[in-house]
Amino acid sequence: MADECIHGFEDGMCAICFPPKEPAPKPVAAPKPRGSRAGVRAARPAARVPGAPHPSADAAIDAKAMRIYHVTHLDNLGRILGSGALLADAADPGARPEVDIAAPAAREFRRAAEVSGTDAVVADYVPFLLTPDAHVWDAVRTTTPDPRLDAAAVERPAADYVIFVSSVGVALGARTEVLGEVVLSDADAAVAGARTAAEWPEIERMLRRLARDDDGSAIASAELLVREALPIERVSLIAVSNEKVRDRVRDALRAVGLRTRVAVYPPWFLPGTDAAE
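For what it's worth, full-length UniProt numbering labels the leading residue of the sequence shown as 1, then goes sequentially.
Be a bit skeptical, because a hint or two may be false.
[Stated by the list, open to error] Okay, the calculated beta carbon distance ranges per label pair:
{"#": "1", "residue 1": "I61", "residue 2": "R195", "range": "13 to 21 Å"}
{"#": "2", "residue 1": "I61", "residue 2": "E233", "range": "20 to 28 Å"}
{"#": "3", "residue 1": "P266", "residue 2": "S116", "range": "36 to 44 Å"}
{"#": "4", "residue 1": "D247", "residue 2": "E202", "range": "23 to 31 Å"}
Since the hints were derived computationally from the structure, they do not count as laboratory data. For glycine and all other residues, C-beta sits at the position ideal for the given N, C-alpha and C.
Between the sequences and the hints, there should be enough to build the whole structure, so can you do that?
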């Protein structure tokens, strides 16, 4: 019987309860006969352009399996669960947070900023981070002022927030053929100069490039936008900082008949930690 993760994650997903195993030693190949030129030719790797990624690098990254994260204040949970979805700001009826994490000027700017290649503005989408180490969330964790965030939001303890977790594939659903239903931006989508992708093939390529980034700075700046709403049924788990918040979230879920997994995972809420582990 498999051990159960005390943080609420599925088996194998928590790096604390299920640390990665040490890699097995690679077998040493027997030396080839020196007189066999055919063996030498067969072992020689195919030529490739210097600096280009290995042909199998992209294939090893499942873009649809990449996790996405939406941060909100605990006091907003009731309205979210009542509507049955995470709603975009400009959707009908639209998100009306009790505690707004966004700075008023930033929210107004997103209501006017057009998304390249679509007929929508940024506020028509629900924003998701691609890592729990995203710069904007780290500003909250470290109480660092950020022009995108309401000053009061930065002053509140990170433990007062919850993180909705899903995946690119689940959020996308069957919308791979629909232009602009999901948009990927390599920075805040409302900022001039941000590079966006509104078609799935380009979104997939961008996601793989972000995942290959060695220092994590690129993926920490990016955001995935889901048009209008993400139903709560597509949320795989809600991460919280402590047991008290977990119990409050579970009570709220039971009140609306939902059984979404709730995970206590403090590293995602603490400053100066590698939250992605």
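Right, here's what the structure says about each hint:
1. I61 - R195: 13 to 21 Å: Holds - the Cβ-Cβ distance for I61 and R195, about 19 Å, lies within 13 to 21 Å.
2. I61 - E233: 20 to 28 Å: Between I61 and E233, where Cβ atoms are some 26 Å apart, the hint holds.
3. P266 - S116: 36 to 44 Å: holds (38 Å)
4. D247 - E202: 23 to 31 Å: For D247 and E202 the Cβ distance comes to about 43 Å; the hint is violated.
The structure does not agree with numbered hint 4 stated previously, though it agrees with all others.
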